[in-house]
Amino acid sequence: MAEQIIFYILALVIAVFSIMAVTSKKVIRSATYLLFVLLATAGLFLMLNYYYLFAVQVTVYAGGVMILFIMAIFLTHKPGDEFKTKMNWKVKSSAILSVLGLLLSGYIVVANVTRIINYVSGKEMKMQELGVTMMGTEKYQFLLPFEAMSVLLLACIIGAIMIARKEKNNVESNNDLDK
Amino acid sequence: MDNTSLFVVVLLTGLALVILGLTAAILLSPKSINFQKGETYECGLPTRGTSWMQFRVGYYLYAILFLMFDVETIFLFPWATVVRQLGTSGFISVLIFVVILGLGLAYAWRKGVLKWT
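Which chain is which? The protein sequence lines are H and G, in order.
Residue numbering for the first sequence follows the numbering used here, beginning at 1481 and increasing consecutively.
Residue numbering for the second sequence follows the numbering used here, beginning at 11 and increasing consecutively.
Don't read these hints as lab results, they were simulated from the structure.
Quick caveat: nothing in here was measured; it's all calculated off a predicted structure.
Some hints here could point you the wrong way.
A partial selection of chain H residues facing chain G, derived with a Cβ cut-off under 7 angstroms [claimed, not checked]:
(1) G1544
(2) M1605
(3) M1607
(4) G1611
(5) M1614
(6) M1615
(7) L1623
(8) S1630
(9) A1640
(10) A1644
From the derived model, a few chain G residues whose C-beta atoms are all more than 10 angstroms from chain H [claimed, not checked]:
(11) G31
(12) L32
(13) I43
(14) L55
(15) R58
(16) G59
(17) L77
(18) T91
(19) G100
(20) I106
(21) Y117
For each residue, glycine too, the CB sits at the ideal point set by N, CA and C.
My request is simple: use the sequences and hints to build the entire structure.
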C-alpha cells in the first residue's frame, strides 16, 4: 500500500513535469522541470531495488547531463522569450505522430506484459555482484568491455575538445567574440 | 499501528506542516505592494541591460570534462564495493581504466582547456 502511494506520487511527478518541460516557453525552466523528471525516475529505480541504476540516474543524468544542458543553454545568445509556435501544421502533425507512437508502444507493452513481469522481478541486484561481474574475466563477465569503455570516454573527451575549441591562431578572435 | 498507516500518517503530517507553515506566513506577514519591490537588486544601483549574456565556451568544456569523469566514477562504484575480494588484479584493471582516462585530462591540459584566461 505504502509502495503504491509512493509509486503514484512519483508517476504523477514524472507525468506533470514532463508535460511542463515540453510546454514551458522559457528554456531554463524546461531544463529544471526535466531535472525533476530525472530525479523522480531515480526514485522509481530505487523502488525496484535497482541501486546501481539509481546511482547512475542521480550522478550521470541528474548531475552530469543536466549540467551539460544548462551550460549549452548558457552558450546561446537569446533566452528564447519570443519563441512562438507559428507553424501550426507542425504542431498538429507532431501531435498526430506522438499519439501514433503512444499507441504503438502501448500495444507492444500490453502484448508483452507477461514477459515484462518476468524481467522485472523486483529482486535486489547487489552492487557486489555487479562489481565481480564487471571486473571478472570468466564467461559472462565483462572486463574487456569495461576497459573499452575508458577508450570510448577518452574519445569523447578528445572529440569534444576538438570540436569546441578552435586551433591556436583562431583563439584570439574567438575570445573577442565571446566578450 | 502497521507500516502502511504509519506511512500515511507521516505523509499527511509532512504535508500539513508545509501547508500550515506557508499559510501562517501568508496570514501573518506584513504586506506592501509597490513597483520597486519586484525589481532586480544590484548593489542598490539601477540595473543595466538584461541578465542574459552569452557565457564563454570554456565553461562548456569544463562541463564536458566533469561529465566524463562523472561517468568514470559511476563505473568505479561497483568495483569499490568488492575491492578487497578482487585484490591486486582488480586494482590493476582499474588502474588501466583510470590511466586511459587520465590521457584525456592530459590532452585537455595540453590544449589549454584548463587555462582560465
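Structure-based check of each hint:
no.	hint	result
1	G1544	holds, 4 angstroms
2	M1605	violated, 10 angstroms
3	M1607	holds, 5 angstroms
4	G1611	holds, 4 angstroms
5	M1614	holds, 5 angstroms
6	M1615	holds, 5 angstroms
7	L1623	holds, 6 angstroms
8	S1630	holds, 4 angstroms
9	A1640	holds, 4 angstroms
10	A1644	holds, 6 angstroms
11	G31	holds, 20 angstroms
12	L32	holds, 19 angstroms
13	I43	holds, 25 angstroms
14	L55	holds, 22 angstroms
15	R58	holds, 16 angstroms
16	G59	holds, 13 angstroms
17	L77	violated, 4 angstroms
18	T91	violated, 5 angstroms
19	G100	violated, 5 angstroms
20	I106	violated, 6 angstroms
21	Y117	violated, 6 angstroms
Hint check: violations occur at hints 2, 17, 18, 19, 20, 21; the rest are consistent with the structure.
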